[in-house]
Each structure stands twice: as C-alpha cells, then as structure tokens.
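Chains as they are written, first to last, in the numbering used here: chain A, 6 to 213; chain U, 6 to 213.
Hints in this document: simulated from the structure, not taken from any laboratory. Being a predicted model, the structure only gives us computed values, none of them experimental. Any given hint could be a false lead.
Any copy will do: because identical chains look the same in the list, a pair fits if it lies in one copy or spans two.
Cut-off 25 Å, straight-line C-alpha distance, at most; resulting in silico cross-link-like pairs (PhoX-like, lysine-lysine) [said to hold, decoys possible]: (1) K96 with K14; (2) K54 with K96; (3) K211 with K99; (4) K54 with K211; (5) K99 with K54; (6) K53 with K211; (7) K211 with K14; (8) K14 with K54; (9) K99 with K14; (10) K105 with K211; (11) K105 with K14; (12) K53 with K99; (13) K96 with K53.
2 protein chains.
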Amino acid sequence: MVTQSSVEKFLDDLASGHPTPGGGSAAAIMGAMGAALVSMVCNVTIGKKGYEGVEAEMRAVRDESERVRRRLTAMVAEDIAAFDSFMSAYKLPKATEDDKARRAAAIQAGLRRATETPLDCARACAEVIALSRRASEQGYLNVISDGGVGVLAGFTGLRSAALNVYINAPSLQDREFAQQALAEVHELLEAGGRRSEAVYALVRGKLG
Amino acid sequence: MVTQSSVEKFLDDLASGHPTPGGGSAAAIMGAMGAALVSMVCNVTIGKKGYEGVEAEMRAVRDESERVRRRLTAMVAEDIAAFDSFMSAYKLPKATEDDKARRAAAIQAGLRRATETPLDCARACAEVIALSRRASEQGYLNVISDGGVGVLAGFTGLRSAALNVYINAPSLQDREFAQQALAEVHELLEAGGRRSEAVYALVRGKLG
C-alpha cells in the first residue's frame, strides 16, 4: 500500500517517470489532508473551555470527517489499481478479431473504472468542503486557519479529481455514462467552488 | 522527521488534537506534491519520441522542480519547529518584570519565525506555479493532467501558507516587517492566482 510508505518516498514516487502514483493519487491525498484538518479543528475544540455548546456538533463533524478521510486514503490505492488495469488492457494481444474485441472491451472497462474512481474522489472532496464549513463556523478560533487550509485542500482535491474525469470520459463508448459523469463533476465543481470560497472568506474574516 | 513517517501516520498526526503538524505543514506538503508532479511530467517527457526538441527544457525544469521539492519537504519540519518555539515562549515564567520582558521578546521572536516560515513556503509555491507552466506547455500530452494537478497543488500550498502569515503578522510589534510580509504575500497570492488559473486553462484546453 503506497500510503504505508513514507511521505518522502511517496513524493519520490510521484516525481518519478512511472505513471503511478500520479495526479489522481495526489488528488485523494489532498482530500484526505482536508478531512484530517477538519478533524483537527474538531479535536482541538472538543473539551475546550467556552466551547461546551458546540461539543456535540464537533463530535458529529469529526465522525464524518474521519469516515471521509479513511475513504479518501483508500482511494490512493484504488486510483493506482484503476490506472494499472487500464494500461494493461492496452497490452492485450490484438492478432485476431476475437483478440481485438476482447482488448477493446477491456480498455472500455478500464476507462470506466478510471472515470468512476476520480468521480468518487470528487464526491468525497465535496463532503470535506461541507464539513469544513461546520468546523470553521463553530471551531476554536486559534485553529481556524487550519480549517481554512482544510477547505482549500478539499476543493483542490475535487478540481484535481475532475481533471482525471475530463481526461478519461471523452474516450468512453458508453456515452450515456460519460455524459452523466461529466455533468455530475461539473455540478460538483461549480457548487464546490462557491462553497469553498465562502468558507475561505469566513476564515479570513475571523483572522482579522 | 515527520516526512519520514508513513503517509497514513502523517494524516493521523494532522487529524489529532495536537497543534503540529497543522495547516502550515499541509501547505508545504501540497507545494511539494505540486513540485513532484512537475518533475513527473518532465521525467515522462524526457526520452519520449517526438519530444526531442524540448528535452533540454524538460531537464532544466526538472532540476528546478526537484530543488524546490527538497526545499518544501524540509519546510514541514521547519514549520513544526517554528510553531513549537512560539508555543514554548508562552510557557516562559512571568513572575518578575525581567521575566515578562524576556517572555515578551521570546514571543515576538517566535512570531517572527512563524511568519517568515510560511512566507518562505509561499515563495517556493510561487516557483512551483511558474515551473508547472513550462512543464504543461511543452510536456508529453498524455500526462498533461498531472501538470494541471501540480499547478493546483502549488497554488493551494501558496494560499494555505498565506493564511499562516495572516494569522501571525498582526501580532508582530515590528510593524515594518509585518507590513512587508503582508504586502509580499498579497502580491504572491495575486500573481499566483492569475498564473495558476492560466496554466489550469491551458491544461483543460489540451484535454479537449
């Protein structure tokens, strides 16, 4: 599991000429960092004097952000597996008509997975943005900039995942699925942009 | 060194109620991921058929992006050290007038370091954005989305670092330094926003 290697090793692998891990894995890590920072704001706030009234809300947000964080961390490996299965489909034999048909079907299945995985990542990042709003509205003032970094990381994870939908969806033969995926990612981007800028402005306002 | 622990352990530490690592470390990691993705685009392009004409440029960009990546990776530990020295200043004794003066001076020195460190991070992230433009303009088309994720990660690292300048600079007694830091980060943000959106648009255009 790539997420069990060190941060430095992960960065080395990202920088290498090997196609995985690449932008899709970086997207999932950014989303997971966003979720982790939302959890941090909640964890610092829970038990803080003067914040008793928001403790139940902070616990509820943290339970959600930890669930989303686990999901996004697992997506790093899923992104690599999706890309690898897509690439190995290209290497299938294409000598006979049967070969060609099998290869084309495997490529399409790989492409579908390489579209669904970043779409899932984009959805999880949209959850991070929604959670960061709740954490930044009510969390302990001294860690509010961490909530601000959390929302930025979440939205950037979303935009990054969207790029992987954009690169793969156009080659899908199942045009209905491709159009649905593109429409959903467009909507997630649009709402995510609006919502994350509102949270960022809220945090900036609190910083004075 | 926190960057020698696993990605999962880093995310756990980020999520915990302990103040470090926090948003400043996440900012440096995002910048480092951006630099790594620029290097990846260069590494994939170097030696690729049809890209002989840009090989020298890709090597030059990669040398720079690897230098910036090393710098940003080291900043994770620097950010933690800066925050910790700032926090320990608050714990100094304040019984006598001498104590109070020493404590106040230590807090100001800590604040200055906690402003300089994210400012340095913001400058390095601005370099990532400039390098991502060169990689995305001339890099191998099939990894261009990775260049797009790289520029988004770089700009988000910059915005995240800026939040840490905003939270610390207002409490600095050295108003001249504080104003300089705020003016520089404002300029970096403004130019970084413009430049990164231009690179993102370039990448989106190439994805079709």
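If any of the earlier hints don't hold here, list their numbers in rising order. Those not satisfied are hints 1, 3, 7, 8, 9, 10 and 11.
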